[in-house]
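These protein sequence lines map, in sequence, to chains A and B. Taking the numbering used here, the leading residue of the first sequence gets 1, the next gets one more, and so forth. Taking the numbering used here, the leading residue of the second sequence gets 1, the next gets one more, and so forth.
Check the hints yourself; a few may be wrong.
Unchecked claim - Pairs of lysine-lysine residues, derived as DSSO-like cross-links and limited to a Cα-Cα distance of at most 30 Å, are as follows:
hint	chain 1	residue 1	chain 2	residue 2
1	B	K95	A	K53
2	B	K136	A	K74
3	B	K158	A	K26
4	A	K26	B	K327
5	A	K74	B	K158
6	B	K202	A	K52
7	A	K26	B	K260
8	B	K228	A	K76
9	B	K136	B	K175
10	A	K26	B	K228
11	B	K336	B	K136
12	B	K68	B	K57
13	A	K26	B	K136
Honestly, the hints are just simulated from the structure, not real lab data. Fair warning: this is a prediction, and the values are worked out from it, not measured in the lab.
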Amino acid sequence: MSEARIVDARGSFCPGPLMELIAAMKAASVGDELEVLSTDRGSAEDIPEWIKKVGHTMVSSSEEGGVYHLRVRKAK
Amino acid sequence: MKRILIVGGGTGGTILANNLARRLRQEIDSARVSVTMLSASARHMYQPGLLYVAFGKMPASDLYADEKALLDPSIHFHVDPAESFDLDHNEVKAKSGKAYGYDYLAICTGSRPVLAAVPGLMENAHHVYTEEAATKTAEALRTFQGGRIAIVTGVPHKCPMVPLELTFMMYDYFKDRELLDKVSFTYTYPIGRIHSLENVAKWAAPEFDRMGVRYETLFNAKEVDGVKKRVHSEEGSVVEFDLLITVPPHKGMEVLEQNKLGTSGWIPTNRATLAMEGRDNVFVLGDTTNLPISKAGSTAHYEAEVLGENLARLATLGGAMRSYEGKVFCFIEAGKDRATYASFDYKNPPQPQPPSRAIHWFKLAYNRLYWNSVRGLL
Ligand SMILES: Cc1cc2nc3c(=O)[nH]c(=O)nc-3n(C[C@H](O)[C@H](O)[C@H](O)COP(=O)(O)OP(=O)(O)OC[C@H]3O[C@@H](n4cnc5c(N)ncnc54)[C@H](O)[C@@H]3O)c2cc1C
Chain A
1 MSEARIVDAR GSFCPGPLME LIAAMKAASV GDELEVLSTD RGSAEDIPEW
51 IKKVGHTMVS SSEEGGVYHL RVRKAK
Chain B
1 MKRILIVGGG TGGTILANNL ARRLRQEIDS ARVSVTMLSA SARHMYQPGL
51 LYVAFGKMPA SDLYADEKAL LDPSIHFHVD PAESFDLDHN EVKAKSGKAY
101 GYDYLAICTG SRPVLAAVPG LMENAHHVYT EEAATKTAEA LRTFQGGRIA
151 IVTGVPHKCP MVPLELTFMM YDYFKDRELL DKVSFTYTYP IGRIHSLENV
201 AKWAAPEFDR MGVRYETLFN AKEVDGVKKR VHSEEGSVVE FDLLITVPPH
251 KGMEVLEQNK LGTSGWIPTN RATLAMEGRD NVFVLGDTTN LPISKAGSTA
301 HYEAEVLGEN LARLATLGGA MRSYEGKVFC FIEAGKDRAT YASFDYKNPP
351 QPQPPSRAIH WFKLAYNRLY WNSVRGLL
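I would like the entire structure built from these sequences, with the hints used as guidance.
What follows is the structure, encoded as structure tokens:
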């Protein structure tokens with residue numbers, strides 16, 4: 001697996017994991033993979049929702065010890 | 001002698017410098033420690049005041065104080081912006097050509113609005129993130145006779161409360177001018193609710209419903225069409241406007257990017273120690289960090305207090321003791337005469353209280369008390 005840039009949004013209530021991801025996506029290049037770390041259960045739903053709406057790719061999603069790992073790829 | 005160098009004379013840098021001067025009084029007097037600050041300006045701006053300037057409630061001249069007068073006299077202050085950082089040799093070169101050596105470095109150069117990140121935004125939108133822009137916004141609001149107002153928020157941005165505050169304050173402003181029946185508001189927000197803080201979103205949504213403010217979530221502006229007066233989002237939706245108000249996307253300072261200290265000018269920072277990743281004598285605070293917390297004056301303030309204690313120990317005894325726990329406190333103006341607040345950290349979400357006049361008056365008082373706060377008197 002290629003190296004993903006980590007977006008460590010654990011404990012982030014504001015701006016929160018999705019907003020952190022949106023910011024990181026802007027700075028990334030097409031094809032880059034990012035992995036968001038989040039302790040917010042809601043982000044396991046709202047990150048895939050946003051990724052789908054914009055047309056990026058959801059690579060994987062898992063949870064380990066209360067930390068969600070959401071891996072995405074910038075598609076455009 | 002241990003030399004502490006602070007780059008940036010805003011909220012974080014000023015509180016840190018005064019905190020160190022107080023803790024290290026004896027060491028500074030006996031020339032065992034020195035504290036030097038470099039800044040890009042001789043003036044210090046109280047940025048939250050820009051919101052009031054945009055509504056004609058504060059003269060722009062009230063935004064500023066002389067930075068030197070805010071600093072303890074023992075601090076060596078130079079208006080000499082940093083241009084290159086040689087972290088391997090503990091040296092910062094500034095615009096004057098002078099090199100400043102250090103044993104400990106704190107970087108707190110803040111953030112800047114980058115409207116150019118969204119095509120058409122600069123040409124068509126008003127905002128409140130500089131004195132010039134806030135003054136122009138005041139004029140745009142004053143001469144607006146009715147139509148569609150759209151509020152568009154970029155990511156990341158400084159001060160998470162501004163999108164809501166602008167909306168509440170514009171509503172009250174046009175209510176006072178008896179123009180509400182001629183004005184419509186569309187509030188957009190980048191994520192799936194109307195504010196990043198869930199509890200704040202829960203409180204604000206029914207307020208918006210009551211006010212008739214329409215909202216569109218998952219909206220990240222892609223481009224602004226100034227001819228058709230439309231904002232297109234990354235998500236494929238469109239919002240129309242006659243008056244476009246933006247909370248623009250931000251970046252850290254260009255000089256940090258040029259020096260390869262961090263992508264988009266945000267420096268990778270340890271969330272507990274505030275040390276720059278990979279360095280043990282370079283620290284970062286305020287807007288400039290890449291931490292997933294609000295870019296707010298209160299964040300810079302709490303970080304500066306932790307760093308002040310730790311740097312004072314490092315420069316004397318060696319070994320930092322305190323961790324930053326992600327503390328943030330934000331007032332939220334809920335109109336022209338009511339306000340609430342949100343207080344939270346890495347572990348505890350905020351529980352906003354219903355807005356009250358008392359909190360609004362406290363915020364107005366804080367607008368003045370700020371100068372005592374950065375002096376370290378609060
Ligand atoms: C409209 C508005 C409303 C706001 N409302 C609130 C609020 O209600 N509550 C709240 O907590 N926060 C609020 N904020 C945010 C708050 O003002 C900032 O988050 C805070 O000032 C950040 O502090 P800082 O020390 O990181 O940066 P700043 O205070 O921005 O200071 C940066 C300093 O670095 C200096 N500098 C820049 N480049 C260089 C260089 N190359 N070399 C040396 N020095 C340099 C600058 O001159 C400046 O002195 C608001 C901001 C705005 C714009």
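So, going through the hints one by one against the coordinates:
1. B/K95 - A/K53: Violated, at about 46 Å.
2. B/K136 - A/K74: violated, 37 Å
3. B/K158 - A/K26: holds, 17 Å
4. A/K26 - B/K327: Satisfied, since the Cα-Cα distance of roughly 27 Å is no more than 30 Å.
5. A/K74 - B/K158: Satisfied, since the Cα-Cα distance of roughly 25 Å is no more than 30 Å.
6. B/K202 - A/K52: holds, 25 Å
7. A/K26 - B/K260: Holds - the C-alpha atoms of B/K260 and A/K26 are around 18 Å apart, at most 30 Å.
8. B/K228 - A/K76: Given that 30 Å is the threshold and the Cα spacing comes to 25 Å, the pair holds.
9. B/K136 - B/K175: holds, 21 Å
10. A/K26 - B/K228: Measuring from Cα to Cα gives roughly 26 Å; hence the hint holds.
11. B/K336 - B/K136: Holds, because 20 Å separates the two Cα atoms, which is no more than 30 Å.
12. B/K68 - B/K57: The hint holds at about 27 Å.
13. A/K26 - B/K136: OK: A/K26 and B/K136 at ~29 Å, within 30 Å.
Hints 1, 2 from the earlier list are contradicted by this structure; the remaining hints agree with it.
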